[in-house]
Amino acid sequence: MARNVAETARKFLLLGQCVPTVKQNAAKIRVKRLELDENLLMYFRKDEFYYCHDPKKVCKTGDIVLIQSLPQKLTKLITHEVKEVVYPFGDITDPITGKKVAKERYREDMDRQAELYGKLDSTFDYNKAPERGWQDGKKDFTSKPTYTKFHVFDENDPYAI
Amino acid sequence: MLRRLACTVVQSRGIKHTVNVKWVRPDYVPAYKPEKSGDLEGLPPIPESAIGKDYSLSEEIKDASESVKKIFSVAHLGRKEYNRLVKEELIDRVKRHQYDHSTAETKIAFLTGQIRYLQDTMDKFPRNKKMKQLVQEKIDRRKKLLKYLRQYDYKKFEWLLEKLNIEYKGHPESFHKLSRMESLRKLTEMHCDDIRNKKLADYRNLLESQQGPYLQQKLDALKLIRSEQIELKLPITVTEQDITKVQQQFDDWKIKDDIKQKAMKKKKNIVLEI
Chain A
1 MARNVAETAR KFLLLGQCVP TVKQNAAKIR VKRLELDENL LMYFRKDEFY YCHDPKKVCK
61 TGDIVLIQSL PQKLTKLITH EVKEVVYPFG DITDPITGKK VAKERYREDM DRQAELYGKL
121 DSTFDYNKAP ERGWQDGKKD FTSKPTYTKF HVFDENDPYA I
Chain B
1 MLRRLACTVV QSRGIKHTVN VKWVRPDYVP AYKPEKSGDL EGLPPIPESA IGKDYSLSEE
61 IKDASESVKK IFSVAHLGRK EYNRLVKEEL IDRVKRHQYD HSTAETKIAF LTGQIRYLQD
121 TMDKFPRNKK MKQLVQEKID RRKKLLKYLR QYDYKKFEWL LEKLNIEYKG HPESFHKLSR
181 MESLRKLTEM HCDDIRNKKL ADYRNLLESQ QGPYLQQKLD ALKLIRSEQI ELKLPITVTE
241 QDITKVQQQF DDWKIKDDIK QKAMKKKKNI VLEI
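Going line by line, the protein sequences match chains A and B.
So for the first sequence, full-length UniProt numbering puts the first residue at 1; every next one is plus one.
So for the second sequence, full-length UniProt numbering puts the first residue at 1; every next one is plus one.
Derived from the structure by calculation, the hints contain no laboratory data.
Which chain A residues stay away from chain B? Per the calculated CB distances, all over 12 Å, these:
hint: 1; residue: R3
hint: 2; residue: L34
hint: 3; residue: E38
hint: 4; residue: S69
hint: 5; residue: T75
hint: 6; residue: K76
hint: 7; residue: I78
hint: 8; residue: I96
For lysine-lysine, the following DSSO-like pairs were computed, each having C-alpha atoms within a straight-line distance of at most 27 Å:
hint: 9; chain 1: B; residue 1: K80; chain 2: B; residue 2: K69
hint: 10; chain 1: A; residue 1: K144; chain 2: B; residue 2: K144
hint: 11; chain 1: B; residue 1: K132; chain 2: A; residue 2: K139
hint: 12; chain 1: A; residue 1: K139; chain 2: A; residue 2: K57
No experiment lies behind these values; they were computed from the predicted model shown.
We put the beta carbon where it would ideally sit given N, CA and C, even for glycine.
Only chain A is shown next, with the shape it has when bound in the complex (with noise of 0.2 Å):
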């Protein structure tokens, strides 16, 4: 029974997040769903990973966003497609107001307060900062996955701890 809910869900849009992968031409989507166990009549986490075609680069780590199979298999392994990306990473719009958040505070209250004490140069401006994105791989290592470090090469790998 399971297996068929699996393979009409395959049908449908699914909803996940992307998930920091070694892959570079895929994403990889992490699709949260939960599982009945019938002795205990609880839900169970289980999540499920899917490797989705994405030539445009639209998702980045962390962003949920919107995936949909493909009619035929790309590879073995990428076999659903990026649509869009529904909430983007680290950069929240109120729903209601459509007013950008941060936490539980507008953004725009925040510089309002700011200016009442009297703003510095050094307060981050939003509208000055460039796109996400701008420190991967420099100073921001969370597009790959990190492991443990097991030798030592000629080179470094800064994603091993």
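Given chain A's structure and the hints, the job is docking chain B onto it.
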């Protein structure tokens, strides 16, 4: 008796490895070290003659004599005052307004200042266990705050990394003790991949080198067929387009081959020089 003999004769441990990979165990690096904590920068350059944080605000110190200034300098007041200046320097890089002490960026800057001067003291007294624990706690706390900041404000997170000169690495899937077996397995896998890729590349090279002569032959044959068909007034099956297409392919191959030959020559020269 027999069993004992069998045990000594048949070795179960230390079976010789047939794959020639050499494993070098990475050295132990204490967690407080900058390369582990992700600090790309040491203490900020604060001179020893800098005046303590509170005293620098007073009017009298500005036109005081040298000896008075020396008494109120960081060198004389002690390490604690110096550390206060370190924290202030880092917070000044990111704070929003004058009274900003509780936002995420100032908290992270404050912790970074603490971590940097504690790392400096840890280098002097590496056996200080209490301090080692303290640095570890601060580093973990900062990492946690950075993780949260990344989740709710990615742009600010990246800006903060640049400003404070910190590296951020994601959590690995599992933290575990490194074992010889696991390392050797991974190395062997890499070795096998290398062999396979090399064989594939060699085979590809071989096929590509045969492409040129074949295209040349094809071009000649097509031209011959076309000319003979025209001569004998037979229905023409080979069009001009076919011939130009093959010609184009041949030209492309020539350019590619040239680049390859040049690369090969360069490699040979480098080997000869060495």
